[in-house]
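**Student:** Work out the full structure: start from the sequences and follow the hints.
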Amino acid sequence: MNSLVSALPGRRRAGLILALGLLLAAPWVAGPYLLSVLVLALYYAYVGQAWNVMMGFAGQLSLGHALYVGLGAYVSATLYLHAGLGPWAGVPIAAAVSAAAGAVIGFLAFRFGIGGVYFALLTIAFAEFTRIGFEHVDWLGGAGGLFLPVVERGHLDIVDLRGGPRLFYYVLLALTVAALWLCHRLRTSRIGYYWLAIREDPEAAQALGIDLFRYRVLAAAISAAMASVAGSVAAFYYNSLTPADSFGSAKSIEIILGPLVGGLGTLIGPILGAFVLTGLGEALRALLDVTGHQVPGATQLFYGLVLLLVIKYLPGGIWPGLARHLGLGNRVG
Amino acid sequence: MALLEVAGLTKSFRGLKAVAGASFTVEAGAIVGLIGPNGAGKTTCFNLIAGAIRPDAGTVTLDGRPITGFSADRACRAGIGRTFQVVKPFVQLSVLDNVTVGALRATRDVATAQRAARQVLELLHLDHKAGQLAGTLTLPERKRLEVARALATGPKLLLLDEVMAGLRPTEIDEMVAVFRTLNRETGLTILLVEHVMRAVMALAGKIIVLHHGRIIAEGGPDQVVRDPAVLECYLGGAPA
Amino acid sequence: MSWDVYANVVIGGILTGLVYGLMALGLSVIFGVVRVVNFAHGEMMMVAMYLAVLGCGTWGVDPLWLMLPLAALMFVLGYALQSLLVHPFMTRPDHAQFMLLVAVGMILTNGALILFGPDARGVQVDYALDSFEFGPLLIDKVRLYAALAALAVAAALFGFFRLSATGKAIRACADNYRGALVVGLDVRRLFALTFGCGTACVGAAGAMLVLLGDVTPSLGPAYTLLAFVIVIVGGLGSMAGALVAGVLIGVSEALAGLILVPSMKSMVSFGLLILVLLFRPQGLLGRSA
Ligand SMILES: Nc1ncnc2c1ncn2[C@@H]1O[C@H](COP(=O)(O)OP(=O)(O)OP(=O)(O)O)[C@@H](O)[C@H]1O
Ligand SMILES: [Mg+2]
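Protein chains in written order, with my numbering: chain A, 1 to 333; chain B, 1001 to 1240; chain C, 2001 to 2289.
Treat each hint with caution, since some may be false.
Pair ranges (Cβ atoms, derived) [what the hints assert, rightly or not]:
| hint | chain 1 | residue 1 | chain 2 | residue 2 | range |
| --- | --- | --- | --- | --- | --- |
| 1 | C | Leu-2275 | B | Thr-1186 | 45 to 53 Å |
| 2 | B | Arg-1065 | C | Phe-2279 | 30 to 38 Å |
| 3 | C | Leu-2163 | A | Gln-294 | 52 to 60 Å |
| 4 | B | Glu-1171 | A | Phe-107 | 44 to 52 Å |
| 5 | A | Asp-289 | C | Gly-2117 | 36 to 44 Å |
| 6 | C | Gly-2159 | B | Arg-1168 | 34 to 42 Å |
| 7 | B | Arg-1198 | C | Ala-2165 | 45 to 53 Å |
| 8 | C | Leu-2084 | A | Gln-294 | 27 to 35 Å |
Incomplete in silico selection of chain A near chain B, CB under 8 Å [to be verified]:
| hint | residue |
| --- | --- |
| 9 | Gly-15 |
| 10 | Ile-210 |
| 11 | Val-276 |
No lab work stands behind these hints, which were simulated from the structure alone. Cβ coordinates follow ideal geometry from the N, Cα and C atoms, glycine included.
**Tutor:** Structure, rendered in structure tokens:
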């Protein structure tokens, strides 16, 4: 029994290294289609991890997280287009802008004691407000959006983040790993303990000396900054962005599916959820394609069903049970 | 000088005066019992002292420092640890993590906090449950977890709200022994709300009796239980 | 612009706002009693609108005639949804309830997309462009009829909650859930009835709204938000508040469409929602907590 317990961390590490090795090698075996799916999965894994900080750790339900992703996309793209500032400088600035937005919304909400459904609605309202606002700013391309100059095939420019899917695959992989590491550090630090306490019971947390306001705002800012980077990278990957796609409520929902399905508040859950959902969704699409059906909405319908089933029958998500199954302990974070 | 001084504390809920001008002191190093029939205002008193709610009037002073109207977290940082009558465990966290949150008051370092938390758990005979989720604990265990968490914050004054309710007599005696040891060895000051008279009589050097938000008697245990006003309120109201 | 332009826009806003108010009333009733926040409200509205369009297409009748059948149908759907799916979630954390209904919303939206395609559908009635003239004032016939119908349905609902024994039992449940259990009320059935009443409002409102605009599958979230805006501005759980706030929102959106650009009009609602949430979360008309 004792030897099994002491073997746990090693097993977990081996699993992580194996997964990372597979992910590092993937672009060299995957075809263009599979690569694009993997890019998508990594994108959702990363952005889900960002949302998880706020909801899974600190227990603040944001249903408007597209706001921070969209701000990241718009700020870095605008800096690139209008100021000639490359992403290495633009992304941190965009992240700072999103963090500030998250902090301001958090400040307003938590100062006024807004929680639960009211907070969720407030976040949606801010995202929608911004969406419509951006649709009316010509300098930002209005409703039609912004376009970045498309690069020719084979071109690779790491400084300006111009290149093919493989570049973005590795960028997103690096981000996902970095986010996993950061979340692990946060989760096992005082901040993480405080967030979880606040999530579990704010009143009890406060009685233990935790400044609820400060730690909630902190969660909002960190989560927003992380989400922002995803938006920036996506902007440079797709080379186009519109207010509807960037800030829309559908986007906000897409962000949260991975963590909810994978396991809210866990570290691996958002990644697992993103890969499972993206994988299944694409498989469904491919299956329909093969049988000659073009069914727009089919994957989203499927996501809705999966979300419903997971929430009903697996409230903790897939990961906690799976982790137990794999002998990774039942409190794998 | 008294560690805690409460003067003229008043709080109404929709016209009902839950606490009506209560004044009392708790000497440093003392164990004081706060008793009274159901609805007397004991929990409200605690909430006012610990900053969970703001008083309408009156002052609270801890160690010579005014803490009236402090938020709960500031009150905790000022040195007040409190338990909740209706327990509030962090159910999805392990017992150890629950207490570690409290221990992080004194240190930023998680490993140090965990060591401190383990010691507190040992003290309250919860160490064998350290790895379990708090949600799996029984009610008496949850009560002890409340105490452990509050204790871990390293308070000057510990407010205990009916932590013995639902415990078996042997468990009560164990708890009494724990508090007595703590008080003797660390000089911890305790203000204790309790219906279990066996515990109050064993622990408290002074007892304050609250009735309809007012203090109707105060003094040594033997003196208070013979006080006619106290007998009257307990017999007149529903005895607990 | 002269005053009669504004007056006409305001009147149009009031009439549209009453229909919005009826839809929001459904959300308010569900929240006020069942304490469930229906994040799929707008999606249900979208479904009701599609059913209205289909019904009109099939039988060639005025959508207003479909109001009651649609309300009945949506009642059944709401009843089933609450008792089968939502009720087991009553003891779960709030966010689990929200997500459940978000999932329902996704299923409805994309189900409609698969069944009906992305294109807008609508109904044409022969009086679509007619209006009543009162001096300089022009009142659209469709809007007036829809608004009157909305008022009638709202009045029926008020009557049900005030006068009928079931309605009173439901209100007892809302005021004191434990007490209701203790006196042996069948809470599960009453909650399902209430949820059904809420979705019936949506059904009726859907039949009216197809007169005022087209329907697309992606309409849901916007209407969900609109309903929330109205209900929160009016005070969550207050029935009269929902109608009054519906009118308020209807008018302010109409005026915003006139003064700003029409596409910016929902910014006014969202701005109002933000301000109300921050400064008066109990709603403009609600009692302070
Ligand atoms: N938040 C509140 N809102 C309204 N009334 C309250 C509130 N908290 C307490 N009260 C009322 O104040 C009075 C005192 O309550 P309190 O909980 O302080 O009594 P208590 O002495 O702790 O009783 P018990 O022994 O039952 O725990 C009671 O009448 C109670 O109903
Ligand atoms: Mg009490």
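**Student:** Look at each hint and say if it fits the structure.
**Tutor:** Against the structure, the hints:
1. Leu-2275(C) <-> Thr-1186(B): 45 to 53 Å: Hint holds: Cβ distance 52 Å, inside 45 to 53 Å.
2. Arg-1065(B) <-> Phe-2279(C): 30 to 38 Å: holds, 34 Å
3. Leu-2163(C) <-> Gln-294(A): 52 to 60 Å: holds, 53 Å
4. Glu-1171(B) <-> Phe-107(A): 44 to 52 Å: holds, 46 Å
5. Asp-289(A) <-> Gly-2117(C): 36 to 44 Å: Check failed, 18 Å falls outside 36 to 44 Å.
6. Gly-2159(C) <-> Arg-1168(B): 34 to 42 Å: violated, 57 Å
7. Arg-1198(B) <-> Ala-2165(C): 45 to 53 Å: Given about 51 Å between the Cβ atoms, the range holds.
8. Leu-2084(C) <-> Gln-294(A): 27 to 35 Å: About 33 Å separates the Cβ atoms of Leu-2084(C) and Gln-294(A), which means 27 to 35 Å holds.
9. Gly-15: Since the shortest Cβ distance to chain B is 22 Å, the answer is violated.
10. Ile-210: For Ile-210(A), the interface hint holds, since the closest Cβ of chain B sits about 6 Å away, which is under 8 Å.
11. Val-276: violated, 23 Å
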